[in-house]
Each structure stands twice: as structure tokens, then as C-alpha cells.
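Peer 1: Just so you know, the sequences run in chain order A and B. Letter by letter, the first sequence follows residues 1 to 247 of this note's numbering. Letter by letter, the second sequence follows residues 1 to 247 of this note's numbering.
The hints are simulated quantities; they were obtained by calculation from the structure and are not laboratory data. None of these values were measured; they are calculated from a predicted model. Be careful, since some hints might not be right.
In this list, chains with the same sequence are indistinguishable; a pair is considered to hold if it fits within one copy or across any two.
Simulated crosslink set (DSSO-like; lysine-lysine; CA at most 30 Å straight-line) [unchecked claim]:
id, residue 1, residue 2
1, Lys212, Lys77
2, Lys116, Lys244
3, Lys116, Lys77
4, Lys116, Lys93
5, Lys136, Lys93
6, Lys45, Lys154
7, Lys41, Lys136
8, Lys230, Lys93
9, Lys77, Lys136
10, Lys45, Lys116
11, Lys216, Lys77
Residues per chain, in single letters:
Protein chains: 2
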Amino acid sequence: MSIENSKIKLTLAYDGTSFHGWQVQKDHATIQGTLQEALFKATGKELPLTGCSRTDAGVHALEYVCHTDFISIPCDKIPLALNAHLPPEIIVKSAQLAESDFHARYNCRGKEYIYKILNTHLRDPFLANRAMFYPKHLDENIMNEAAQGICGKKDFRAFMAQGSPVPDTVRTVQYCDVFRQGDIVTVRVAADGFLYNMVRIIVGTLMGASEKKLTKNDIENIIDSLDRTKAGATVPACGLYLNKVFY
Amino acid sequence: MSIENSKIKLTLAYDGTSFHGWQVQKDHATIQGTLQEALFKATGKELPLTGCSRTDAGVHALEYVCHTDFISIPCDKIPLALNAHLPPEIIVKSAQLAESDFHARYNCRGKEYIYKILNTHLRDPFLANRAMFYPKHLDENIMNEAAQGICGKKDFRAFMAQGSPVPDTVRTVQYCDVFRQGDIVTVRVAADGFLYNMVRIIVGTLMGASEKKLTKNDIENIIDSLDRTKAGATVPACGLYLNKVFY
Numbered sequence: 001m002s003i004e005n006s007k008i009k010l011t012l013a014y015d016g017t018s019f020h021g022w023q024v025q026k027d028h029a030t031i032q033g034t035l036q037e038a039l040f041k042a043t044g045k046e047l048p049l050t051g052c053s054r055t056d057a058g059v060h061a062l063e064y065v066c067h068t069d070f071i072s073i074p075c076d077k078i079p080l081a082l083n084a085h086l087p088p089e090i091i092v093k094s095a096q097l098a099e100s101d102f103h104a105r106y107n108c109r110g111k112e113y114i115y116k117i118l119n120t121h122l123r124d125p126f127l128a129n130r131a132m133f134y135p136k137h138l139d140e141n142i143m144n145e146a147a148q149g150i151c152g153k154k155d156f157r158a159f160m161a162q163g164s165p166v167p168d169t170v171r172t173v174q175y176c177d178v179f180r181q182g183d184i185v186t187v188r189v190a191a192d193g194f195l196y197n198m199v200r201i202i203v204g205t206l207m208g209a210s211e212k213k214l215t216k217n218d219i220e221n222i223i224d225s226l227d228r229t230k231a232g233a234t235v236p237a238c239g240l241y242l243n244k245v246f247y
Numbered sequence: 001m002s003i004e005n006s007k008i009k010l011t012l013a014y015d016g017t018s019f020h021g022w023q024v025q026k027d028h029a030t031i032q033g034t035l036q037e038a039l040f041k042a043t044g045k046e047l048p049l050t051g052c053s054r055t056d057a058g059v060h061a062l063e064y065v066c067h068t069d070f071i072s073i074p075c076d077k078i079p080l081a082l083n084a085h086l087p088p089e090i091i092v093k094s095a096q097l098a099e100s101d102f103h104a105r106y107n108c109r110g111k112e113y114i115y116k117i118l119n120t121h122l123r124d125p126f127l128a129n130r131a132m133f134y135p136k137h138l139d140e141n142i143m144n145e146a147a148q149g150i151c152g153k154k155d156f157r158a159f160m161a162q163g164s165p166v167p168d169t170v171r172t173v174q175y176c177d178v179f180r181q182g183d184i185v186t187v188r189v190a191a192d193g194f195l196y197n198m199v200r201i202i203v204g205t206l207m208g209a210s211e212k213k214l215t216k217n218d219i220e221n222i223i224d225s226l227d228r229t230k231a232g233a234t235v236p237a238c239g240l241y242l243n244k245v246f247y
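With the rest of the complex left out, here is chain A (with noise of 0.2 Å):
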């Protein structure tokens, strides 16, 4: 097989703010968008890109996988070659040969998300639209106890945006857990897959976890009820990062 069949993997990191997310739409900048461009700069080729996940407007990433076809510029010229067509908010921070059957969203076997809550009382400039700003008082430790209660094979419909065509609703929680540095709280959560908004609304539910004090029992039964109004609220997506893509 000649090395042209090959697929393109880039790795990317970007500060979501000003994107209406990462798929392509009309009259709103998008990752997808302004990648595709800065693509066709470099190569002077329209070339398809295919996301590892669509992600939310104002949703950053410390790491995204996308593929396109292959490019006649060495790999490890690649990042220099689309960050000077990239906008300082988003730059690829490698690109790999892959596969000419690799897909970045089939072959993704999980993804890990991580979301900030900057938790004081006062607010800071800095991360602002980088953190969810919350000055009550969160006990990270019941936090921590309840997001137990996340993990395992089970049916997230709780956890879903109201509304949504899924119809399976069963995924797997690797992991989920809370942790403070300084004023940041954060939430780390890893599973094989994500339904729609469910990593916001499983912060929103931890968040009540520690004013109500629930613990892993009650957030399990919440899991059982089925129920989206059991679970908590829906966070603003300014907190949310994509953390790591697992193939």
C-alpha cells in the first residue's frame, strides 16, 4: 500500500472562546472551520478533516484528534506549517501518519474530560471564560465520594440533555474523580463515551452532592431513576476542557 492511502492524524489544543465549537456552520467561526482553511493554505488542497468529537461552543482543549488525507509535508513539519495559517487559539501540536483506515471519532475508544471551578470569593480576571466561577463553598471531599458513585457500565439517561436522539444510553465511566489546588476544584471524568452534556450535568450533580452532603449511594440511585430532573444542573461550557483521546 502506497504511504498516500495513509490518513493524517493531528493533535490540537485550543482555547474555545470565541468558536462556535468544533463543526463547521455558516456565518460562525469553528474549529473545524479554521482548521480547514489554514489546511488548504498550507497545501492548497480542500481536504476533508473528521473530529474525534463535536465539541460545544466555548468548550476548550488541551487535546483534540482529528484526521484528514495525507499531505506531502513531512509530520514533523506539519504543526509549524498550520500554526502559521492558525489563529493564536488553537495551534496542532503534532501530526502522525496513520492508518488508511483510521478514523478519529470510530476508532476513539474513550476521551477524558476535565472541568475548572474556580471556588473563592472573589472572581479573576484571568479565567475568565477558563473556569466556572462558584463562590459558596464546595467540599471537594464529598465531592470525590459521591463521584464514586459515576463509575461503572451503567445507563446515563439521567445525565443526558432533555431532548436528545440517542437511543442507546449505556456508557462506561472509567473514572471520575475531585480534586482542589488553591481556589480550582476540579472534575476529571473519563469514559468510553459522552452522551449530550452529560459531563456538565455530572459536575452541576457533584456541585448539589456537596450542599446536599449526597453521597455514592444517592447519586447511584439518581443514575437508576432514569430521571434527568433528579440529576443537577446543567454548568457553563467555560469550564469544560478535553483532556485526553484515547485510541
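Start from chain A and add chain B according to the hints.
Peer 2: Showing chain B alone in chain A's frame:
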């Protein structure tokens, strides 16, 4: 003397990216203008507002001090009252009563600035507009050694933007040092006052010191020349942070 004659000293922090500096301008958002609006919304009064310095467009502050007239809100409630009317890029960190003759600029004994350089081969989307990106390796030890030549009471005319109408160009630099934390090289400098663009020219000169292996003595010779063309380039505003204000 009645309390109504007191001044109110406000300590701010701000991300200066989307502002045209401190000072009110027609047709441009500025920190002073935005804070004056917030003061009006919180008190119903048009209050005067005097800052400790004019910061340039794109420059940030981790600590900035300004004063205004007495406000009949308890000092510990002023941050909350004003922050409710401020955009997420600006916060009032604290408010204090000050003497009736307190003046944020004239009483200021000195200021400390820091300048952040992202010194690695890849940009960081989360440091866009918050650090200067410089991929060529910098030797922070050479820079720190050279920085010692900046310290002392000297005529800094060589480190002032050309054409500045300042008759007295003598300033006292209390300390200047350079250190690395991971990929971030930070220059820190404190003085009783700064000439226009002085910090940004010091940083450009110290970066040149790394490349040309300049010593403390070479830096002293540049200062003694009083010749702007002997010093280094003016680095971009985005890496500059007002860090401390001394009274």
C-alpha cells in the same frame, strides 16, 4: 475631619487584552472608563477616578491602585458592589479608606512589573495575549546576570521610547531579575518610576543579552551611552503585567 473627606483606595486586577489601556478615550473601551461606569451604576454619582499609572493597550495588571472620592458603601462591600457591574476581565480586589490627601499616582513610591515570555517551540493557546511567544531558546542565567546591570540610580534615556517628552530621565531600579518556571521565562523589575516603554525595552535588551552573551558590564555601557539605538527592541505589550504598587 469628617469621614466624607476620606478618599477611597481601590485595588484592581485586569486582563488588558481587550482594553485600550487605563486612561479614558473616546470610542475605545478603557479600564478607567469601564470602572467609572461601574462606580456610577453602584452609587448613582459621577465620581472622579485617578490611577497610579497609565498602562498601555494590551498590558495587564495583577495589582493596580486608583483612588476616588468617598462612597457611602462599607469598604468590605465595595468590591462586590462594583464587581457586579464590571465585565469578567476586570475586578476590584479590595477597597480601603485613605487620607483626604491620598493620591494614587503622586503617593506611589514604586512599582513592580513582571514580563512573561513563553520560551518553547510551540505556542500555547491559553497564553495567547498573556505572554510573548519566543521559540528560540533563552538562557535565563545569562539574562539574570545581565539584569544586574540595570539596577541602581541611573539615567535611563537609552531605555525610553524615542520622542517621549520627559525632561528627567533618571530613575532608581531597586531590583531586576530573570527566572524560568518550565517554559515561562519571567523578567521582574521594580523601580521608583518608569519611563515610557522602559520595561519593554529592558526585556528586549535582556533577550538580546542571552543571544549575544552580554554581561552586566555590557548592559551598564548601553545605559551610559544614553542612546536608544544601543538598547534592544521593544517587546510586545501582551507579556507585561503591573504586579505590585508600593505606597
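Peer 1: Regarding Lys116 and Lys244, is the shortest C-alpha distance of 30 Å or less found within a copy, between copies, in both, or in neither?
Peer 2: both (15 Å within a copy, 27 Å between copies)
Peer 1: For Lys77 and Lys136, with the copy left unspecified, which applies at a CA distance of at most 30 Å: within, between, both, or neither?
Peer 2: Classified as between: cross-chain Cα gap 16 Å, same-chain 47 Å, threshold 30 Å.
Peer 1: Please work out whether the CA atoms of Lys230 and Lys93 approach to 30 Å or closer within one copy, between two copies, in both situations, or in neither?
Peer 2: neither (40 Å within a copy, 38 Å between copies)
Peer 1: Between copies, within a copy, both or neither: which fits Lys41 and Lys136 at Cα up to 30 Å?
Peer 2: between (48 Å within a copy, 25 Å between copies)
Peer 1: If the cutoff is 30 Å on CA atoms, where do Lys45 and Lys154 land: within, between, both or neither? Let me know, please.
Peer 2: Answer is neither; intra-copy 44 Å and inter-copy 58 Å both fail.
Peer 1: Tell me, please, which holds for Lys216 and Lys77 at an alpha-carbon limit of 30 Å: within, between, both or neither?
Peer 2: neither (48 Å within a copy, 38 Å between copies)
Peer 1: Give the relationship of Lys116 and Lys77 under a CA distance limit of 30 Å: within one copy only, between copies only, both, or neither.
Peer 2: between (33 Å within a copy, 27 Å between copies)
Peer 1: Indicate which option fits the pair Lys136, Lys93 if close means a Cα-Cα distance not exceeding 30 Å: within, between, both or neither.
Peer 2: Classified as between; 17 Å across copies, 37 Å inside a copy.
Peer 1: My question is about Lys212 and Lys77: at a cut-off of 30 Å on alpha-carbon distance, are they close within one copy, between copies, both, or neither?
Peer 2: So Lys212 and Lys77 pass the 30 Å test across copies only (28 Å; inside, 53 Å).
Peer 1: Given a CA cutoff of 30 Å, do Lys45 and Lys116 count as a within-copy pair, a between-copy pair, both, or neither?
Peer 2: Cα proximity of Lys45 and Lys116: none, with 38 Å in one copy and 38 Å across.
Peer 1: When no copy is named, should Lys116 and Lys93 be tagged within, between, both, or neither for a Cα gap of at most 30 Å?
Peer 2: For Lys116 and Lys93, the Cα distance is within 30 Å both inside one copy (22 Å) and across copies (21 Å).
Hint compliance for this structure: hints 6, 8, 10, 11 are not met, and every other hint is.
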